[in-house]
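Novice: Each chain, letter by letter, is given below.
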Amino acid sequence: MATSTYLSNPIVKIGAVDISDQCTAATLSQTTQELQANAFGSSAVAYVAGLQNNSLTIDLYWSTAASETYATFKSLVGTVIATITIQGSSAATSATNPLGTLTGSFMPTLSPVYTLGALTTCSITFMGGTFAWSEA
Amino acid sequence: MDRYVITSSRVGEIGTAFVASPSDDIAWLLAGGFIQRSDTHPSKGAKLAIKPDAPTSKKD
Numbered sequence: 007m008a009t010s011t012y013l014s015n016p017i018v019k020i021g022a023v024d025i026s027d028q029c030t031a032a033t034l035s036q037t038t039q040e041l042q043a044n045a046f047g048s049s050a051v052a053y054v055a056g057l058q059n060n061s062l063t064i065d066l067y068w069s070t071a072a073s074e075t076y077a078t079f080k081s082l083v084g085t086v087i088a089t090i091t092i093q094g095s096s097a098a099t100s101a102t103n104p105l106g107t108l109t110g111s112f113m114p115t116l117s118p119v120y121t122l123g124a125l126t127t128c129s130i131t132f133m134g135g136t137f138a139w140s141e142a
Numbered sequence: 002m003d004r005y006v007i008t009s010s011r012v013g014e015i016g017t018a019f020v021a022s023p024s025d026d027i028a029w030l031l032a033g034g035f036i037q038r039s040d041t042h043p044s045k046g047a048k049l050a051i052k053p054d055a056p057t058s059k060k061d
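Taken in sequence, the protein lines are chains D and F.
Reading the first sequence from the start, the letters are residues 7 to 142 in the working numbering.
Reading the second sequence from the start, the letters are residues 2 to 61 in the working numbering.
Pulled out of the complex, with its shape left as it was, chain F reads as follows (with noise of 0.2 Å):
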C-alpha cells in the first residue's frame, strides 16, 4: 500500500500522512505539490514495549 505524506497546507498539516479517501485523485495531488509519496517505515532503533519471548510469570 502507498504511503503520502502531505507537503502542502492545503490538504492539511504538513508533514503528517495523507489518508486517502476513494474520491482522492492521487495523481493530481502528486503533480500539484500537495503530497508526496513516502517510504517511511519504523525506525530500525525503536524498540518493543513487550519481547515476545520475555517470561510473563515470576513462579518456578
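Isolated chain D (complex conformation) (with noise of 0.2 Å):
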C-alpha cells in the first residue's frame, strides 16, 4: 500500500502536554521563502531559499474541564510556543514514524466556535518558528 493511514493515533503535544484526545485535525506547512536569484544573462527564474516560514493549524474540541483544551491554550494567546511536537503515532520514533518539532513559533489567536446543536470547537495557527523532523 503507497499511502500512510492514520486512524486515531497521531500525536500532538504543546511542550509535554499531550493534546491528542481533543485533536481532530492537524496541518502542518513546512515553507521556506523562495527569493528570485536572477541577474543580467539569466534565462529563467531561478531561487534561492529564504527563511522558513512554517506555520501549524489544529483543530480541536474545546473543552473547559480541568487540563483540558482550554486550560491549555487560554495563556498562550500572544506567547511563543518553546516547543510543539506532532506526530503519526505513539511507537517510537523513527523513519516511518518520524517526529516533527516546531520550535519557537507563536500563537497569534484562540477562538472557540460555539454552534447549536454540535460541540464546541476551536482552530488554532502556531505561525513562524522552525521546524525540523527528527528519525531518531
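Calculated from the structure, these hints are not laboratory results.
Small disclaimer: the values here were computed from a predicted structure and weren't measured.
This list has only true hints and no planted wrong ones.
List time: in silico EDC-like cross-link candidates among lysine to aspartate or glutamate, alpha-carbon distance up to 16 Å: (1) D:K80 / F:D26; (2) D:K19 / D:E74; (3) D:K19 / D:D65; (4) D:K19 / F:D26; (5) D:K19 / F:D25.
Take the two lone chains, each set in its own frame, and fit them into one complex as the hints suggest.
Specialist: This is the structure in C-alpha cells:
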C-alpha cells in the first residue's frame, strides 16, 4: 500500500502536554520563502531559499474541563511556544514514524466556535518558528 | 532544586515525578494543573541497607 493511514493515533504535544485526545486535525505547512536570484544573462527564473515561514494549524474540541483545551491554551495567546511536536503515532520515533518539532512559533489567536447542536470547537494556528523532522 | 509531581495524564503517569526539560514552561504547567510542586522527601522510616559504621570484616 502506497499511503500511510492514520485512524486515531497521531500525537500532538504542546511542550510536555499531550492534547491529542481533543485534536481532530493537524495541518503542517513547512515552507521556505523563495527569493529570486536572477541577474543579467539569466534565461529562466531561479530561486534561492530565504527564511522559513512555517505554520501549524490544529483543530480541537473546546473542552473547559480541568487540564483540557481551555486550561491548556488560555494563557498562550500572544506568546511564543517553545516546542510543539507532531507525530503519526505513539510508536518509537523512526524513519517511518518521524517526529516533527516546531520550535519558537507564535500563537496569535484563540477562537472557540459555539454552534447550536454541535460540539464546540476551536482552530489554532501557530505561526513562524523553526521546523525540523527527526527520525531517531 | 524544585520537585514536581504529575497531576494530569496529559503530561505522563499521574503521581510520578515530572522531570523538566529546559524548554518546559513550568509556570504554565503549574497554572494549567498539569503538575504540582512536591515537597516529598525520603521517609523518616527509611533504613539504609548497609549501615555506614557496620563492621565489614569478621576477622579479629
